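Here the protein sequences come in this chain order: U and Z. FYI, the numbering for the first sequence is 0 to 245, going by numbering that gives the first Met the number 0. FYI, the numbering for the second sequence is 0 to 55, going by numbering that gives the first Met the number 0.
Careful, some of the hints might be misleading.
Stated by the list, open to error - Once the Cα atoms are required to be at most 30 Å apart in a straight line, the calculated DSS-like pairs of lysine-lysine come out as: (1) K53/Z <-> K116/U; (2) K116/U <-> K39/Z; (3) K53/Z <-> K12/U; (4) K213/U <-> K152/U; (5) K239/U <-> K87/U; (6) K239/U <-> K152/U; (7) K239/U <-> K39/Z; (8) K12/U <-> K87/U; (9) K152/U <-> K39/Z; (10) K53/Z <-> K152/U; (11) K12/U <-> K239/U; (12) K213/U <-> K12/U; (13) K213/U <-> K39/Z; (14) K213/U <-> K87/U; (15) K116/U <-> K213/U; (16) K12/U <-> K152/U; (17) K39/Z <-> K87/U; (18) K53/Z <-> K39/Z; (19) K116/U <-> K12/U.
Bear in mind the hints are in silico, worked out from the structure with no lab data behind them. Note that the structure is predicted; figures quoted are calculated from it, not measured.
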Amino acid sequence: MFNNFFHKMASPKYFYRISGQLLPWLAVAFVLAAVAGLYYGLVVAPPDYQQGDSYRIMFVHVPAAWMSLFIYIVMAGAGAIGLVWRIKLAEVVSISSATVGASFTFLALVTGSIWGKPMWGTWWVWDARLTSELILLFLYLGIIALHNAIDDKRTAARATAILAIVGVINIPIIHYSVEWWNTLHQGPTVTKFDAPSIHISMLIPLLLMALAFKLYYALVVLMRARCEVLERERHTGWVKQLAESQ
Amino acid sequence: MNLNEFLNMGGYAFYVWTSYGITLLVLLANVIGPARLRRKLLVDIARAARRARKAA
Numbered sequence: 000m001f002n003n004f005f006h007k008m009a010s011p012k013y014f015y016r017i018s019g020q021l022l023p024w025l026a027v028a029f030v031l032a033a034v035a036g037l038y039y040g041l042v043v044a045p046p047d048y049q050q051g052d053s054y055r056i057m058f059v060h061v062p063a064a065w066m067s068l069f070i071y072i073v074m075a076g077a078g079a080i081g082l083v084w085r086i087k088l089a090e091v092v093s094i095s096s097a098t099v100g101a102s103f104t105f106l107a108l109v110t111g112s113i114w115g116k117p118m119w120g121t122w123w124v125w126d127a128r129l130t131s132e133l134i135l136l137f138l139y140l141g142i143i144a145l146h147n148a149i150d151d152k153r154t155a156a157r158a159t160a161i162l163a164i165v166g167v168i169n170i171p172i173i174h175y176s177v178e179w180w181n182t183l184h185q186g187p188t189v190t191k192f193d194a195p196s197i198h199i200s201m202l203i204p205l206l207l208m209a210l211a212f213k214l215y216y217a218l219v220v221l222m223r224a225r226c227e228v229l230e231r232e233r234h235t236g237w238v239k240q241l242a243e244s245q
Numbered sequence: 000m001n002l003n004e005f006l007n008m009g010g011y012a013f014y015v016w017t018s019y020g021i022t023l024l025v026l027l028a029n030v031i032g033p034a035r036l037r038r039k040l041l042v043d044i045a046r047a048a049r050r051a052r053k054a055a
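Start from the sequences, fold in the hints, and give me the full structure.
Structure, rendered in structure tokens:
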């Protein structure tokens, strides 16, 4: 039964239909999680005893940074699956992740910079965490540019997959940069082995926003993947029929 | 807490609201982009299909 499910999901036509039904639910779930996260983050959570209210930038900065890594791993993983097993849908998911991944990386950098100004007294320092995250942004942009430079979709998918897989080396560097080097950026507070050193009233909005961003990524990657499927399948009967019935 | 206090963010209003504002804009753009692209693709594909039928 599961085999059958994956076989069907890998068919572009079936994927297009099911994803279309899924989109409104993802959108509703995202809005609910985001509204709850914003309410707990901006209204309920108390000011920080050291940083005052400026720390509230954390509720977009940290989930955006988590997403920048998570999406990269999905993109490289899907790219590898497409490379090895030639599954078209994996190629589609891989390249559809690039723009939204670049967006979250950009947000992590920009909100971090805006947070750094009042707390560190500077918009930017070349410390290991900030620099490796900037390299991640360049990796995403390189992957998008490479994909746009190759006309044949399947060749483009293979080339971008290889670049994405090579770039995976940057992910542990970003994650451990605050431990391996002396950075101005603080160490991890949530993902350490002992209990997280963050108060529950701040942890709840952080996790809600992380959930909201995950749902948002699912929403956007499906929307992009649907466009990619339409483009790749534009000469097939079902796409022509669908287009003419609109 | 009144509304002015809330908007003032303990003096960090500029930093906090700029961060949230930019995030909102980027998230909106990532939804609007593919939504418009899908509509454009469907129009293009339908037009090409009609043209091909006429030529045949």
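Decide if the proposed pair is consistent with the structure: K116/U and K12/U, CA atoms, cutoff 30 Å inclusive.
Status violated; Cα separation ~49 Å.
Can the restraint linking K12/U and K239/U be considered satisfied, given a maximum Cα separation of 30 Å?
12 Å, holds
Distance restraint between K152/U and K39/Z, which requires alpha-carbon spacing of 30 Å or less:
Satisfied, since the Cα-Cα distance of roughly 19 Å is no more than 30 Å.
Hint check: K239/U vs K39/Z, CA-CA at most 30 Å. Holds or violated?
14 Å, holds
Straight-line Cα separation of K53/Z and K12/U no greater than 30 Å?
26 Å, holds
Regarding the pair K53/Z and K39/Z, is the alpha-carbon distance no greater than 30 Å?
The hint holds at about 21 Å.
Is K12/U within 30 Å of K87/U, Cα to Cα?
Judged against 30 Å, a Cα distance of about 12 Å means the pair holds.
Starting from K239/U, check that the Cα of K87/U is at most 30 Å away, please.
19 Å, holds
Does K87/U lie within 30 Å of K39/Z when you go C-alpha to C-alpha?
23 Å, holds
Would the pair K213/U and K39/Z pass a check requiring their Cα atoms to be no farther apart than 30 Å?
27 Å, holds
Pair hint outcome, K213/U versus K87/U [Cα-Cα no greater than 30 Å]:
23 Å, holds
Has the given pair, K116/U with K39/Z, been kept, meaning a C-alpha gap of at most 30 Å?
42 Å, violated
In summary, the structure is inconsistent with hints 1, 2, 19 from the numbered list given earlier, while agreeing with the others.
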